Amino acid sequence: MELVLAYNRQKDILNLFTEYTNSILQQGEDVKQCLDSQHLDEEMKDLREKYGLPQGRLYLALVDGQAAGCVALTRISDDCCELKRLYVRPQFRGCCLSKILIEQVINDARSIGYKHMRLDTFPFMTAAVNLYESFGFHYIEKYNDNPAKSALFMQLVL
1 MELVLAYNRQ KDILNLFTEY TNSILQQGED VKQCLDSQHL DEEMKDLREK
51 YGLPQGRLYL ALVDGQAAGC VALTRISDDC CELKRLYVRP QFRGCCLSKI
101 LIEQVINDAR SIGYKHMRLD TFPFMTAAVN LYESFGFHYI EKYNDNPAKS
151 ALFMQLVL
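Mapping of the sequence shown onto my numbering: position 127 corresponds to residue 127, and the numbering continues sequentially without gaps.
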C-alpha cells in the first residue's frame, strides 16, 4: 500500500468521489440535500483550491498501483481543520486503509499547527463512526452549513 498526494490524479479522485456519493445517495433525501449543498462538481474543477498545500491535503491510497481509497483535509480556521472525503473501495475494506488514511491526515494536521479536527458524517455509516470514535473524536454541535437533519458532527482535539 502506498499513500500519494493526489492533486495530479484527478481522474482517480473523481472516480472515488463518484463511487462514494453513489453509494450513499440511496440512503434518502437527507443525504441528497447534504451532497447537493457541497457542490462537488465545482470542487472537482480545482482540487487544490479546497485541499491544496500548505493548509490542506488530498491523499490517494494505492494498492498494487490501483486506486483503493482517499481522504482529504481542509482548513476551517487557523486552528481548526476538517477531515473530508474518506472513502475506501469495498474490495479494499478490512485492510486498515481507512485507519492509515485517518492517521496520515491527523499527523499532517498536527504538523500544520491545527488544534482541532472536525468532520460530519451520518448515523448509517456505523463503521466510520466507530472508527472516528476509536481515534478520540467526540460529538459536537453543528459547525457547518450541512442541511441534513440526521448528520452527526464530531471533533478531535489534536
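It should be emphasised that the hints constitute simulated quantities derived from the structure, not laboratory data. Hints are supplied without guarantee of correctness; some may be wrong.
The calculated lysine-lysine pairs, modelled on DSSO-like cross-linking and capped at a C-alpha distance of 27 Å, are [unchecked claim]:
id, residue 1, residue 2
1, Lys45, Lys11
2, Lys149, Lys32
3, Lys99, Lys11
4, Lys115, Lys32
5, Lys115, Lys142
6, Lys50, Lys11
7, Lys115, Lys50
8, Lys50, Lys99
9, Lys115, Lys11
10, Lys32, Lys45
11, Lys32, Lys50
12, Lys11, Lys32
13, Lys99, Lys142
14, Lys99, Lys115
15, Lys11, Lys142
Everything numeric in this text was worked out from a predicted model, so none of it was measured.
Quick rundown of the hints versus the structure:
1. Lys45 to Lys11: Holds: lysine 45 and lysine 11 sit about 11 Å apart, inside 27 Å.
2. Lys149 to Lys32: holds, 11 Å
3. Lys99 to Lys11: Status holds; Cα separation ~24 Å.
4. Lys115 to Lys32: violated, 31 Å
5. Lys115 to Lys142: Holds, at about 18 Å.
6. Lys50 to Lys11: holds, 17 Å
7. Lys115 to Lys50: Status holds; Cα separation ~19 Å.
8. Lys50 to Lys99: Within the cut-off at roughly 23 Å; holds.
9. Lys115 to Lys11: Not OK: lysine 115 and lysine 11 at ~32 Å, beyond 27 Å, violated.
10. Lys32 to Lys45: holds, 21 Å
11. Lys32 to Lys50: holds, 21 Å
12. Lys11 to Lys32: Between lysine 11 and lysine 32 the Cα gap is close to 23 Å, so the pair holds against 27 Å.
13. Lys99 to Lys142: Holds: lysine 99 and lysine 142 sit about 24 Å apart, inside 27 Å.
14. Lys99 to Lys115: OK: lysine 99 and lysine 115 at ~20 Å, within 27 Å.
15. Lys11 to Lys142: violated, 32 Å
In terms of the numbered hints stated before, the structure departs from hints 4, 9 and 15, listed from lowest to highest.
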